[in-house]
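Participant: With these hints in hand, go ahead and build the complete structure from the sequences.
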Amino acid sequence: MSNLPISKCLSWFGVSALAISVVFGFDLSIAAAAADHAAESTVNTFISDEKGGGGKGAAFVFWIFALSSLGGAIFVITRNNMVTAVMGMVGTFFAIAGLYLMLYASFLAVMQVLVYAGAIMVLFVFVIMILNRPEDEPWVMHGILGKGVAALGLLYLFKRLAGILWEVKDVQPLVLDKAALNVDVVLNHSDPALAAGAVEAITRTYEFGSVEGVGYTLFSKYLFPFEAVSIVLLVAVVGAIAIARPTEEESAEDAAEAEAAKEAS
Amino acid sequence: MITIVPNDFLYLGPLAVLTLVGLLLILAEAFAIARSRRFLMQLTVAGCVMAVIASIYTWRSLEPGGHVTAFSGMLLVDRMSMFLCTLFAGITGLIAMLGAAHQHEYNWQVGEFYGLMLLAAAGMCMIAMAGDLITIFIGIETMSLAVYVMTAARRRSRAGSEGAIKYFLVGAFASGFLVYGMALLYGATGTTNLQGISRALAVTHSSSLTVAAIFMLIIAFGFKIAAIPFHMWAPDAYEGAPTPVTAFMAAAVKSAAIAGMIRVFVQALGGDVVPFGQMGWSSIFAIIAAITMTVGNIGALRQNNIKRMLAYSSVAHAGVLLVGLITAGIAPEGEGLASVLYYLLAYSVATVGAFGVVVWIGNRDRERVLISDWYGLGAANPAAAMVMTLFMLSFAGIPPTGGFFAKFFLFKSALMAQDGALMWLVIVGVLNSMISIFYYLKVVMAMYFREATGEFKPLNSGAVTFVLVACGFLVLQMGMMPSRWLSYLGV
Amino acid sequence: MSVFYDITVSHFLVLAAALFTVGIAGVLLRRNALIVMMSIELMLNAANITVLAFSRGFAGNNHEAAYQGQAFALTVIAIAAAEAAVGLAIVVTVFRTRRHSDIDRLTMLKN
Numbered sequence: 001m002s003n004l005p006i007s008k009c010l011s012w013f014g015v016s017a018l019a020i021s022v023v024f025g026f027d028l029s030i031a032a033a034a035a036d037h038a039a040e041s042t043v044n045t046f047i048s049d050e051k052g053g054g055g056k057g058a059a060f061v062f063w064i065f066a067l068s069s070l071g072g073a074i075f076v077i078t079r080n081n082m083v084t085a086v087m088g089m090v091g092t093f094f095a096i097a098g099l100y101l102m103l104y105a106s107f108l109a110v111m112q113v114l115v116y117a118g119a120i121m122v123l124f125v126f127v128i129m130i131l132n133r134p135e136d137e138p139w140v141m142h143g144i145l146g147k148g149v150a151a152l153g154l155l156y157l158f159k160r161l162a163g164i165l166w167e168v169k170d171v172q173p174l175v176l177d178k179a180a181l182n183v184d185v186v187l188n189h190s191d192p193a194l195a196a197g198a199v200e201a202i203t204r205t206y207e208f209g210s211v212e213g214v215g216y217t218l219f220s221k222y223l224f225p226f227e228a229v230s231i232v233l234l235v236a237v238v239g240a241i242a243i244a245r246p247t248e249e250e251s252a253e254d255a256a257e258a259e260a261a262k263e264a265s
Numbered sequence: 266m267i268t269i270v271p272n273d274f275l276y277l278g279p280l281a282v283l284t285l286v287g288l289l290l291i292l293a294e295a296f297a298i299a300r301s302r303r304f305l306m307q308l309t310v311a312g313c314v315m316a317v318i319a320s321i322y323t324w325r326s327l328e329p330g331g332h333v334t335a336f337s338g339m340l341l342v343d344r345m346s347m348f349l350c351t352l353f354a355g356i357t358g359l360i361a362m363l364g365a366a367h368q369h370e371y372n373w374q375v376g377e378f379y380g381l382m383l384l385a386a387a388g389m390c391m392i393a394m395a396g397d398l399i400t401i402f403i404g405i406e407t408m409s410l411a412v413y414v415m416t417a418a419r420r421r422s423r424a425g426s427e428g429a430i431k432y433f434l435v436g437a438f439a440s441g442f443l444v445y446g447m448a449l450l451y452g453a454t455g456t457t458n459l460q461g462i463s464r465a466l467a468v469t470h471s472s473s474l475t476v477a478a479i480f481m482l483i484i485a486f487g488f489k490i491a492a493i494p495f496h497m498w499a500p501d502a503y504e505g506a507p508t509p510v511t512a513f514m515a516a517a518v519k520s521a522a523i524a525g526m527i528r529v530f531v532q533a534l535g536g537d538v539v540p541f542g543q544m545g546w547s548s549i550f551a552i553i554a555a556i557t558m559t560v561g562n563i564g565a566l567r568q569n570n571i572k573r574m575l576a577y578s579s580v581a582h583a584g585v586l587l588v589g590l591i592t593a594g595i596a597p598e599g600e601g602l603a604s605v606l607y608y609l610l611a612y613s614v615a616t617v618g619a620f621g622v623v624v625w626i627g628n629r630d631r632e633r634v635l636i637s638d639w640y641g642l643g644a645a646n647p648a649a650a651m652v653m654t655l656f657m658l659s660f661a662g663i664p665p666t667g668g669f670f671a672k673f674f675l676f677k678s679a680l681m682a683q684d685g686a687l688m689w690l691v692i693v694g695v696l697n698s699m700i701s702i703f704y705y706l707k708v709v710m711a712m713y714f715r716e717a718t719g720e721f722k723p724l725n726s727g728a729v730t731f732v733l734v735a736c737g738f739l740v741l742q743m744g745m746m747p748s749r750w751l752s753y754l755g756v
Numbered sequence: 757m758s759v760f761y762d763i764t765v766s767h768f769l770v771l772a773a774a775l776f777t778v779g780i781a782g783v784l785l786r787r788n789a790l791i792v793m794m795s796i797e798l799m800l801n802a803a804n805i806t807v808l809a810f811s812r813g814f815a816g817n818n819h820e821a822a823y824q825g826q827a828f829a830l831t832v833i834a835i836a837a838a839e840a841a842v843g844l845a846i847v848v849t850v851f852r853t854r855r856h857s858d859i860d861r862l863t864m865l866k867n
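In order, the protein sequences belong to chains B, V and D. For the first sequence, the tail end lands on 265 under the working numbering, and the numbers increase by one without skipping. For the second sequence, the tail end lands on 756 under the working numbering, and the numbers increase by one without skipping. For the third sequence, the tail end lands on 867 under the working numbering, and the numbers increase by one without skipping.
Just to be clear, a hint being listed does not mean it is correct.
[What the hints assert, rightly or not] FRET-style restraints, in silico, Cβ to Cβ:
{"#": "1", "chain 1": "B", "residue 1": "Gly-148", "chain 2": "V", "residue 2": "Pro-665", "range": "52 to 62 angstroms"}
{"#": "2", "chain 1": "V", "residue 1": "Asp-684", "chain 2": "D", "residue 2": "Arg-854", "range": "54 to 64 angstroms"}
{"#": "3", "chain 1": "V", "residue 1": "Gln-460", "chain 2": "B", "residue 2": "Leu-152", "range": "37 to 47 angstroms"}
[To be verified] Facing chain D, a subset of chain V residues (Cβ under 8 angstroms, in silico):
{"#": "4", "residue": "Phe-274"}
{"#": "5", "residue": "Phe-402"}
{"#": "6", "residue": "Ala-417"}
{"#": "7", "residue": "Arg-420"}
{"#": "8", "residue": "Glu-427"}
{"#": "9", "residue": "Gly-441"}
{"#": "10", "residue": "Gly-452"}
{"#": "11", "residue": "Thr-457"}
{"#": "12", "residue": "Ile-549"}
Calculated from the structure, these hints are not laboratory results. Think of the CB as a built atom: it goes at the ideal place given N, C-alpha and C, for glycine as much as any other residue.
Facilitator: Here it is, written out as structure tokens:
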């Protein structure tokens, strides 16, 4: 068990996860029998319901995005050339942003494109350019047996998850028109000191999922996580610089090389 | 509906202190205000002491058994969270002292180290005070990202970067499971608030969505505490990291993960019964705990590198802590939670101490991480050998140390839960404690009954000596006078 | 064929589960550190689709729950960016010390 290569570590991790899912499989049947439908009854949306303004057009759009995101994902994990993989990933992220739009998360769709496709993937491309190495043996499990077992395990996990998630929909379609998506939010200060200062309750209306709506949530109820994320980002920035910058000897070597090149020319 | 009350900021105490001093340290490093690294260390320790004071102050201002929510339920502050914040800040301070000596001796002066360490501690406090899944997620990521960087901080060391990438890839994989689990839990209950989840589950019992969510969360947290079968990164990351960072991972990160598990499993998903009860989490954890204790101890028996041995031993201790968690989950009115906290304290102090001796004994020419390097320490330096013996006894659970009482208390409360439903687990645990005596005593035997190979040239650092003395004193004090600590825990 | 015409929240959830599985497959089967990291990003995205699909489901009758999901998804995006930055920095460090990023050839640590 000591000194496992990392891919073996990851495989071991995944296989254990699958094994636990088999154990849970036993438990799931008990739990599913005893389940009541409270969770299901709150989630009851037909995205492409005729009355909701979707219909077959929405279905068409969904399938386009779904197939392109799934196809892009499979494309990513099967490529040997890393730049191609990154491009596939960008396509996947755009498709996922489209799915977010269908889910009335317009602000998040924009963020998805800006942060993932615009920033993270560019970072990946930079690192690929720094490394600049072709990949030799890309696949971990060489034997057909290992791959077969892994594929079967993953299919089993997917079947269980999909089985559970497919049950989530309810029979009653919900009418989701513009009016239903307008949210009334009452801002009131329960703190008596503030309330005494003649702060009246403000009623505002905005569209669900808009910048205004998400922003309002982030700066009121989610103020703490919003600020706390900045600590994570700071740790990431400082940490990345601390370990990725050249050490003093390496900068000295680089300087010496540059000097030598200058003299040679 | 939405309010930010100025009072909420009062409960931020330790979190705010750690974050601000962390920022100050990063700025001090960036603008080279302090060329002397010693000053950075002193500032770190001062920050930790202030955080300890802030948490104790907040602890005193809270009702026993009561809790306060702040920032619209994002934070849930109770005496347990303040106890844990004190623990995290204290450990961080002690490890900063070890870190300064180690950096100086092995010449890897990375000034960002201290700032990142304090921000990691802030992340841990966030987990301990979390009232919402989002807060737990942010806390875990703050802590983990900082620790990944700290693992790789000794940049000339190939082992360091190798341990770091292993730790990072497996950790990021686990955080994928964590987020997916939280997403499913949100779908099952309609809220991310922990109290809200517990209220929603009281009505709906368990839908299959909840069970799938619990499955994902078990994988994610299993990784963080290095429970088997999610432990394989631990020996390599522990060995590759600089020794003070290893101590930080073993003591503080593990305690913080346990704090997160208390919040998520015991408090939000709580009220489970064994075997294969409503949620099923305690049954799965019971199996994982038994395997973790056994395999961790057997793995430790085979090691001759002391850092790897302590890594496997910390895996085994994670198993014991899981027993306590299950107890707290299935018998909420019992003493399970207090016993977990007491165990965390005893385990962390002994871990910091043991790694402190590992830091103390080595030097630039010879790091002395193999057990054969420890031959003859008892004759050469009786005081250090005696302190190390104390820590080993505490790990093995032999009186008169804190570890003995912690184990006794934890197993006793496990026996009383649900009419002895955990009897078999306690028997496995006690048998494992006996196995563990072998390898802990192997170190003691090496120190006292073998001839030294070469002269010992330990680090001559007052800070390290202080850490050893403080930890040794605490281990003894916790073993002989546990009642005071128990009264802090509300028992 | 109403399964194809009537798109429900479940469609999104099952799609997310499929993406999650593909992400796990990438982590398990590939040995290039960068592709493994991209697979992990896929897993996080799958989780985000799940959150937003549930949020869409709750939007009809529980706005607070729906907005919790949106805030959660935004947090996940921000943290995924931070994680990618640190991960890439670690990959660069590994590459600096040994001139390759194949995770299986890192076998220095021995017992």
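Participant: Taking the hints in turn, state whether each one holds.
Facilitator: These are the hints, each one checked on the structure:
1. B/Gly-148 x V/Pro-665: 52 to 62 angstroms: Because 56 angstroms falls inside the window, the suggested range holds.
2. V/Asp-684 x D/Arg-854: 54 to 64 angstroms: holds, 57 angstroms
3. V/Gln-460 x B/Leu-152: 37 to 47 angstroms: holds, 40 angstroms
4. Phe-274: violated, 21 angstroms
5. Phe-402: Hint holds; V/Phe-402 Cβ to chain D Cβ min 7 angstroms, cut 8 angstroms.
6. Ala-417: holds, 5 angstroms
7. Arg-420: holds, 6 angstroms
8. Glu-427: holds, 5 angstroms
9. Gly-441: The hint holds - V/Gly-441 has a Cβ within 8 angstroms of chain D, the shortest such distance being about 3 angstroms.
10. Gly-452: Check passed: Cβ of V/Gly-452 comes within 4 angstroms of chain D, closer than 8 angstroms.
11. Thr-457: holds, 5 angstroms
12. Ile-549: violated, 19 angstroms
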